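Colleague: What follows is the residue order along each chain.
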Amino acid sequence: MTAAGRALAAALLALAGAARADEIKPGSTFLSPEMQRQQQDQSRNPGYLWVEQGEELFSRRDGVSPTCISCHADPKQSLRGAAARYPQVDAASGKLVNLEGRIEQCRVDRQKQPAFGYESQDLLGLTAYVASLSKGMPLSVSAEGAAKPFYEAGKAFYERRQGQLNLACTQCHDGLVGQKLRGDTISYGIGTGYPAYRLEWNGLGSLHRRLRACSLGVRATQFDYGSDDYLALELYLAVRARDLPMEAPGLRR
Amino acid sequence: MRLAAIRSALIMLALASAPASALEAYKVVGDAIPAPLGGKIGDLKRGRALVLDRTQGNCLICHQVPEPNEPFQGTIGPGLAGVGARLDTGQLRLRLIDAGLLNPQTVMPPYFRIEGLRDVAPAFRDRPALTAQEIEDVVAYLASLRTP
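In order, the protein sequence lines correspond to chains A and B. Numbering follows numbering that gives the first Met the number 0, with no gaps: position 196 of the first sequence is 195. Numbering follows numbering that gives the first Met the number 0, with no gaps: position 107 of the second sequence is 106.
These aren't lab readings, by the way, just hints derived from the structure by calculation. Please read these numbers as outputs of a predicted model, since none were measured by experiment. It cannot be assumed that every hint is accurate.
[As the list claims (entries may be wrong)] In silico EDC-like links for lysine to aspartate or glutamate, alpha-carbon gap of 20 Å or less:
1) A:Lys154 to B:Glu69
2) A:Lys179 to A:Glu55
3) A:Lys154 to A:Asp242
4) A:Lys75 to A:Asp108
5) A:Lys179 to B:Asp52
6) A:Lys147 to A:Glu158
7) B:Lys26 to B:Asp87
8) A:Lys134 to A:Asp40
9) A:Lys75 to A:Glu55
10) A:Lys179 to B:Glu66
11) A:Lys134 to A:Asp242
12) A:Lys179 to B:Asp87
[Claimed, not checked] Partial chain A-side listing against chain B, Cβ under 10 Å, derived:
13) Arg19
14) Arg159
15) Leu166
16) Leu175
17) Gly216
18) Val217
19) Phe222
Just so you know, even glycine gets a beta-carbon here, dropped at the ideal spot from N, CA and C.
Working from the sequences, and respecting the hints, build out all of it.
Modeller: Here it is, written out as structure tokens:
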């Protein structure tokens, strides 16, 4: 096919129906009823082990001072709803940060400690803990102002075909929702359940870990954890999921 | 819509000049590629193995085949039972090589194309998902699926 042909194909693809905002449902909707109950039940959802570890770390006095809690007193109140506003543009640096990035910022700039590192058990625990404080609250991130270019980049990423299998996120997560793909039921592909405990991982993982799995699935480049590409994509997914309830820590197959 | 898409795909093909890639060349006639790629002869057994293989062909994430012992078959594409009666070998070949030639919005991956792909993972870069021989093997297997 010629370049013009490819451009035409891409334009046609963009026209392929995207799900309307009011159709988009949380990821847990696509789980079996038993797994939905298990996700809800704190004593049976293994993600809460990480939440507990995160809570402990948040207030631990192990010589590292100041502790998280010394600046964020009464986190159940003071950080309630915080996770539902991420990713957002950091006013000082102009960069897009997600919840993990914000926690690392406090760790490095305010606690003067080396970063935990993406996907470390400590960062997963703290992220799961802070996210759990927003459980049930509506996701409300902005796509306007400084966030706009990031949103546009994320949207373009979501809509373009990629990888050797030449598939765009939208083809599966809008076009094929409810279909079976290797034992999984395809959902709307949103991040409200992350970090999530995934049976296949036998542990808790971040949204970026899930995105890397989808990239690999279509044989596309896996971007780094915390990369600009995945951050922009995370913002787009969050805007798509606006007003849906936060459900981290999720439970997934 | 479908006819229009086929027509525009054919026009685009007509406009395309000599293939730039090192892949075996092929000629589209109607909605088919009648001649075997590189003159290779397909092997049904190898084709079946490729279709069932979960890493290489990975057809079963999207399709069902008449193999009752295969778990987790997909429902995204049409079931392949009887496909050998519905389509002739040339039509099967084109759909495997690049189903986008018929339907620009297709979900079916192009198994014999390296151009126009983006952000391909390093391990899969600059080679088609299936080689010319493998395409012919899979065509031979699909052609044998004659019972709906």
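Colleague: The structure should be examined with respect to each hint, and the outcome stated for every one.
Modeller: Here's how the hints hold up against the structure:
1. A:Lys154 to B:Glu69: With Cα atoms ~37 Å apart, lysine 154 (chain A) and glutamate 69 (chain B) exceed 20 Å; violated.
2. A:Lys179 to A:Glu55: The given pair, whose Cα atoms are some 40 Å apart, is violated under the 20 Å limit.
3. A:Lys154 to A:Asp242: Given that 20 Å is the threshold and the Cα spacing comes to 18 Å, the pair holds.
4. A:Lys75 to A:Asp108: 23 Å, violated
5. A:Lys179 to B:Asp52: 18 Å, holds
6. A:Lys147 to A:Glu158: 16 Å, holds
7. B:Lys26 to B:Asp87: OK: lysine 26 (chain B) and aspartate 87 (chain B) at ~16 Å, within 20 Å.
8. A:Lys134 to A:Asp40: 13 Å, holds
9. A:Lys75 to A:Glu55: Answer holds: lysine 75 (chain A) to glutamate 55 (chain A) is near 14 Å, not above 20 Å.
10. A:Lys179 to B:Glu66: With a Cα-Cα distance of about 17 Å, the restraint between lysine 179 (chain A) and glutamate 66 (chain B) holds, given a limit of 20 Å.
11. A:Lys134 to A:Asp242: It holds: about 12 Å lies between the C-alpha atoms, which stays within 20 Å.
12. A:Lys179 to B:Asp87: At roughly 28 Å apart (the allowed maximum being 20 Å), aspartate 87 (chain B) and lysine 179 (chain A) break the hint.
13. Arg19: 19 Å, violated
14. Arg159: 6 Å, holds
15. Leu166: 7 Å, holds
16. Leu175: 6 Å, holds
17. Gly216: Given a least distance of 8 Å, the restraint on glycine 216 (chain A) holds.
18. Val217: Cβ of valine 217 (chain A) sits 8 Å from chain B, so the hint holds.
19. Phe222: Holds. Min distance 9 Å.
Checked against the numbered hints listed earlier, the structure breaks hints 1, 2, 4, 12 and 13; every other hint is satisfied.
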